[in-house]
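Residue numbers (the working numbering), protein chains in the order written: chain A, 5 to 277; chain B, 3 to 475; chain C, 48 to 351.
FYI, nobody ran anything at the bench for these hints, they're computed from the structure. On a predicted model such as this, the values are computed, not experimentally measured, just so you know. Treat the hints loosely; a few may be bogus.
What the hints assert, rightly or not - Per the computed footprint, the stretches of chain C lying under chain B, defined by three or more beta-carbons under 8 Å from a beta-carbon of chain B, are:
id, stretch
1, 130-139
2, 148-158
3, 174-187
4, 202-211
5, 215-225
6, 249-260
7, 277-289
Said to hold, decoys possible - Computed cross-link-like contacts, DMTMM-like style, restricted to lysine to aspartate or glutamate with a CA-CA straight-line distance of at most 20 Å:
id, chain 1, residue 1, chain 2, residue 2
8, C, Lys345, B, Asp13
9, C, Lys345, C, Asp245
10, A, Lys94, B, Glu349
11, A, Lys64, A, Glu82
12, A, Lys64, B, Glu349
13, B, Lys140, A, Asp164
14, A, Lys121, B, Glu349
Unchecked claim - Negatives, chain B to chain A, calculated, CB over 12 Å:
id, residue
15, Leu108
16, Thr362
17, Leu466
Glycine included, C-beta positions come from ideal geometry on N, C-alpha and C.
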Amino acid sequence: MSASQGPPLIDVEHLTMRFGGLLAVDDVSFVAQPHEITAIIGPNGAGKTTVFNCITGFYKPTIGRLTLRGGDRDYLLERMLGHEIGQRAKVARTFQNIRLFPGMTVLENLMVAQHNKLMHASGWSVFGLLGLRRYRKAEEEGVELARGWLERIALIDDADRPAGELPYGAQRRLEIARAMCTEPRLLCLDEPAAGLNPHESAELNRLLVSIRERDGVGVLLIEHDMSVVMNISDHIVVLDYGRKIAEGAPAEVQRDPAVIRAYLGTDDEAIDG
Amino acid sequence: MGARLSSMLKDAGLTAFVAAALGIFIVGFRTVDVGSRKGLGFDYQFADLAVAVVTIFFGRLGLSLAAAGLRWPSMVLGAAMIAAGASPLELPSGFLHWFVALGGVLLVIRGVWPWANDAMTAAAGSRSGVVLGRAGAKWSGWLLLAAAVAMPFTPFGDQKTMDLGVLILTYVMLGWGLNIVVGLAGLLDLGYVAFYAVGAYSYALLSTQHGLGFWVVLPIAGMMAALFGVLLGFPVLRLRGDYLAIVTLGFGEIIRLVILNWFDLTNGPAGIGSIPGPTLFGAVFAETAPAGKQTVSQMLGIPFDGIHRLIFLYYIILFLALITNLFTQRMRRLPVGRAWEALREDETACRALGINPTNTKLTAFAVGAMFAGFAGSFFAAKQRFISPESFVFIESAIILAIVVLGGMGSQIGVVLAAVLLIGLPEWFRDLGNYRMLAFGLAMVLIMVFRPRGLVAHREPSLRLHPIKPGGGR
Amino acid sequence: MAYFSQQLINAITLGAIYGLIAVGYTMVYGIIGMINFAHGEVFMIGAFISLIGFMICGLLGIGSAPVAILLVLLMAMAFSAVYGWAIERTAYRPLRGSFRLAPLISAIGVSIALQNYVQLVQGARPKPGGDVVSGGFNLFSADGFDVRVTWLQIIIVLVTVVLMMGFTWLIARTPLGRRQRACEQDMKMAALLGVNVDRTISLTFVLGAALAAVAGMLFLMYYGVIDFFIGFLAGIKAFTAAVLGGIGSLPGAMLGGLLIGLIEVFWAAYFSSEYKDVAAFAILVLVLIFRPSGLLGKPEIEKV
Numbered sequence: 005m006s007a008s009q010g011p012p013l014i015d016v017e018h019l020t021m022r023f024g025g026l027l028a029v030d031d032v033s034f035v036a037q038p039h040e041i042t043a044i045i046g047p048n049g050a051g052k053t054t055v056f057n058c059i060t061g062f063y064k065p066t067i068g069r070l071t072l073r074g075g076d077r078d079y080l081l082e083r084m085l086g087h088e089i090g091q092r093a094k095v096a097r098t099f100q101n102i103r104l105f106p107g108m109t110v111l112e113n114l115m116v117a118q119h120n121k122l123m124h125a126s127g128w129s130v131f132g133l134l135g136l137r138r139y140r141k142a143e144e145e146g147v148e149l150a151r152g153w154l155e156r157i158a159l160i161d162d163a164d165r166p167a168g169e170l171p172y173g174a175q176r177r178l179e180i181a182r183a184m185c186t187e188p189r190l191l192c193l194d195e196p197a198a199g200l201n202p203h204e205s206a207e208l209n210r211l212l213v214s215i216r217e218r219d220g221v222g223v224l225l226i227e228h229d230m231s232v233v234m235n236i237s238d239h240i241v242v243l244d245y246g247r248k249i250a251e252g253a254p255a256e257v258q259r260d261p262a263v264i265r266a267y268l269g270t271d272d273e274a275i276d277g
Numbered sequence: 003m004g005a006r007l008s009s010m011l012k013d014a015g016l017t018a019f020v021a022a023a024l025g026i027f028i029v030g031f032r033t034v035d036v037g038s039r040k041g042l043g044f045d046y047q048f049a050d051l052a053v054a055v056v057t058i059f060f061g062r063l064g065l066s067l068a069a070a071g072l073r074w075p076s077m078v079l080g081a082a083m084i085a086a087g088a089s090p091l092e093l094p095s096g097f098l099h100w101f102v103a104l105g106g107v108l109l110v111i112r113g114v115w116p117w118a119n120d121a122m123t124a125a126a127g128s129r130s131g132v133v134l135g136r137a138g139a140k141w142s143g144w145l146l147l148a149a150a151v152a153m154p155f156t157p158f159g160d161q162k163t164m165d166l167g168v169l170i171l172t173y174v175m176l177g178w179g180l181n182i183v184v185g186l187a188g189l190l191d192l193g194y195v196a197f198y199a200v201g202a203y204s205y206a207l208l209s210t211q212h213g214l215g216f217w218v219v220l221p222i223a224g225m226m227a228a229l230f231g232v233l234l235g236f237p238v239l240r241l242r243g244d245y246l247a248i249v250t251l252g253f254g255e256i257i258r259l260v261i262l263n264w265f266d267l268t269n270g271p272a273g274i275g276s277i278p279g280p281t282l283f284g285a286v287f288a289e290t291a292p293a294g295k296q297t298v299s300q301m302l303g304i305p306f307d308g309i310h311r312l313i314f315l316y317y318i319i320l321f322l323a324l325i326t327n328l329f330t331q332r333m334r335r336l337p338v339g340r341a342w343e344a345l346r347e348d349e350t351a352c353r354a355l356g357i358n359p360t361n362t363k364l365t366a367f368a369v370g371a372m373f374a375g376f377a378g379s380f381f382a383a384k385q386r387f388i389s390p391e392s393f394v395f396i397e398s399a400i401i402l403a404i405v406v407l408g409g410m411g412s413q414i415g416v417v418l419a420a421v422l423l424i425g426l427p428e429w430f431r432d433l434g435n436y437r438m439l440a441f442g443l444a445m446v447l448i449m450v451f452r453p454r455g456l457v458a459h460r461e462p463s464l465r466l467h468p469i470k471p472g473g474g475r
Numbered sequence: 048m049a050y051f052s053q054q055l056i057n058a059i060t061l062g063a064i065y066g067l068i069a070v071g072y073t074m075v076y077g078i079i080g081m082i083n084f085a086h087g088e089v090f091m092i093g094a095f096i097s098l099i100g101f102m103i104c105g106l107l108g109i110g111s112a113p114v115a116i117l118l119v120l121l122m123a124m125a126f127s128a129v130y131g132w133a134i135e136r137t138a139y140r141p142l143r144g145s146f147r148l149a150p151l152i153s154a155i156g157v158s159i160a161l162q163n164y165v166q167l168v169q170g171a172r173p174k175p176g177g178d179v180v181s182g183g184f185n186l187f188s189a190d191g192f193d194v195r196v197t198w199l200q201i202i203i204v205l206v207t208v209v210l211m212m213g214f215t216w217l218i219a220r221t222p223l224g225r226r227q228r229a230c231e232q233d234m235k236m237a238a239l240l241g242v243n244v245d246r247t248i249s250l251t252f253v254l255g256a257a258l259a260a261v262a263g264m265l266f267l268m269y270y271g272v273i274d275f276f277i278g279f280l281a282g283i284k285a286f287t288a289a290v291l292g293g294i295g296s297l298p299g300a301m302l303g304g305l306l307i308g309l310i311e312v313f314w315a316a317y318f319s320s321e322y323k324d325v326a327a328f329a330i331l332v333l334v335l336i337f338r339p340s341g342l343l344g345k346p347e348i349e350k351v
């Protein structure tokens, strides 16, 4: 339905990832639109996180092309180094097991996310060391951006606490805010609702929707929590054993027999239950 | 109660037995050269071993007692051990007196510790404690600095103290430099002394062969060391933490061995001598000036005194160390400094945020190396003679110990640790032989009991809510 | 040709000694992922215990060389094993779960402490000794050069081969070895399945230390002189051997030891003996940069 909206934000073509004898992702293609939330679902071990790791440069795909449409040029992600994908293509991500900088404060976490912008403003530290106004202004703007996000995720009072001291749900929110502080085009979230209670899940839904509506960032989402997936996704890609078995709007995917089979097992196995 | 005591006795007995097994050959049979013939004989030291084993038995027993909540018996035992150590009792060696007494001190500290800890926590938590702590954190650095600046003009400023001051400050500077690499960026560098050597040899060679002065060479030496840091760092900085440590150790040794064997350049093991000292506005510190130069005493119109040179050196190293500190404090508040700390916390997350890990590590490595280079050229100018012997692995380990003991990333911690680790052993010369032993043990004990070092507090690089005076936010 | 053959024989002897030490590094790394920096010091202590052991044998009037060697071997293995056990128990075990560089820093501390402990109680002077086996035979002569194999070299290679075979059997076929390999794969899971992880790790240290002690004894017999500092260089070279062979791999450690022995001996024989240690360090650096998983090791996949 959304494929007609013009050029996609990211175009994944024939992505294949092989670890030794294991085919973790097998010829998967899909697109994700800007201003949309695209969910990737599938049973455990379906290759979802591997897809993410290819998109964000942690793995080099065995075969495949990953094209990200930037403002005025395209980025071929499979040819870029890990950090360049964040720096230039502006793809940000979170991790399944939260990876904050636990010893640094909440605010510092958000400042580190603005590293490249601030590094440039500090003249690769020269202006910063001299304490030039140009850098001080950029830093103030950085703090303002961080303050805005801290208000949105309701952590403003905890700004100066070490991130590792926050409760679990707050750490999840902070990791998303940190990714957003890189001012990305595409935000990849790896099971953001894992370990959250229903109240926190609902809060997360609101946050993700606001990221789509207010910030206009395309979101790619891996999630097991169907209340999140079905409520907020615009488009769903279903993986099983490394292959794409279905794709479409939430309502379509829910009815798809291949998807039901993947989740509930084949018919004769389902009878057992 | 009886069962518990018997299990404690059993435990202490086992510990003593292990200690006896460890010591029976190495301590019990001391090998000594005999006569003129090439050969060895034994000097039996079973009495020493027995005293040590008995001490360990009671020490372990005391620790178990304290751990079981019986702190008073443990402290009484400790006091008895101190008394035994201090008594005129004829123990087989002087060291054993120390050993027994220190064991006792350990027990007493262990007994008092929970009370002291509670009292300190309570005091720090109280309103006046918070204010005092904040003020202390703010002013202690300035007080230390004032004391350091005034030191040469106080009655303590004699030859011995000034020498020691210069030595301690050199290690403070090296510690601060290494703190950037280890404490902030989390890169364990076991070859730091190599950059110190590069700086020292840069100055030694440029001054003796090309006649360049200290102030001209100082920046060059820093640049040279930084260049080495980049050259060595570039290929290895993507390695995992412990591999990186070993590779830097390898580089450190390679540089030392090259210095040792490259006779044409470095004069090999004989070293380089008659290196000129630093000058003050072109004037030299000497009784008589070489042709075409002026001595400082002539320039200032004061009588010559050998200590002037020492005071001058003291202020140079104080100045250099302060620059290091100032620079580091500033860098910590800049994006690159925050990226260093972030890298220490989680490299994967850094990469996901678009931070280039290699470049960021490289800057830490190069900046740390640069300060070692400055310190090295100061060392050469102070000693006026350098040889490869000054740049062995153990020096790197000492600097690392200072950083680790101080509390990785803490600037004031480095000062404390340098005073403790360098100042104390130098001051009590008798302990000289046991110094490195204590060093090694200290490193282990810190890792086991206080892995974050003496000063574990970390001040955020910036705050959203400034602290209001009087505590609270 | 003759010169080459002679160097080859010398290199294999030296490589056997390095290999024995390397096994200790590789096993400890395999099971708890730490570089046991103090392992070289255990080797040095093993050499000292052997020296003292041979002297005691002399005092007791044990004239037969095989009996003396066997006695000293067992003694050095047993008492060095206590060192291995005690080091793990006091300096490493409390650090499990601390930050990642803590065990390495602690190990450096142990290394410095042990070196200075031995220097204090035994003195800093080099100690001659261990000359219980002499003689040998000419293998062949060529170019007016005798290629000679000493009995000692045969003993060294023999002891190493026997120990390594026994050891491989131990790891591959016994319950102890099975537990050890289980902990290597997944320590938490092994603990859940009832493996006593602490004891298994202790045993790893004990076995590694015993092998290092054998290496210490052979080193003493081969060079005839030791001091408190021999552990540093030998330790680094053996670690290089372990990395070169592929850390975590037993055959790798032996292969790496042989290669380091070859490189060192041939470098000294054909290039310059001053730079032979540089060669060893350079290889360490190059291997870690270009092939950190070594020759026989498996590459690590980063888990995100």
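Consistency of the hints with the structure:
no., hint, result
1, 130-139, "holds (count 5)"
2, 148-158, "holds (count 10)"
3, 174-187, "holds (count 3)"
4, 202-211, "violated (count 0)"
5, 215-225, "violated (count 0)"
6, 249-260, "violated (count 0)"
7, 277-289, "holds (count 3)"
8, C:Lys345 <-> B:Asp13, "violated, 42 Å"
9, C:Lys345 <-> C:Asp245, "violated, 26 Å"
10, A:Lys94 <-> B:Glu349, "holds, 18 Å"
11, A:Lys64 <-> A:Glu82, "holds, 6 Å"
12, A:Lys64 <-> B:Glu349, "holds, 18 Å"
13, B:Lys140 <-> A:Asp164, "holds, 18 Å"
14, A:Lys121 <-> B:Glu349, "holds, 19 Å"
15, Leu108, "holds, 31 Å"
16, Thr362, "violated, 9 Å"
17, Leu466, "violated, 4 Å"
In this structure, the hints that do not hold are numbers 4, 5, 6, 8, 9, 16 and 17, in rising order.
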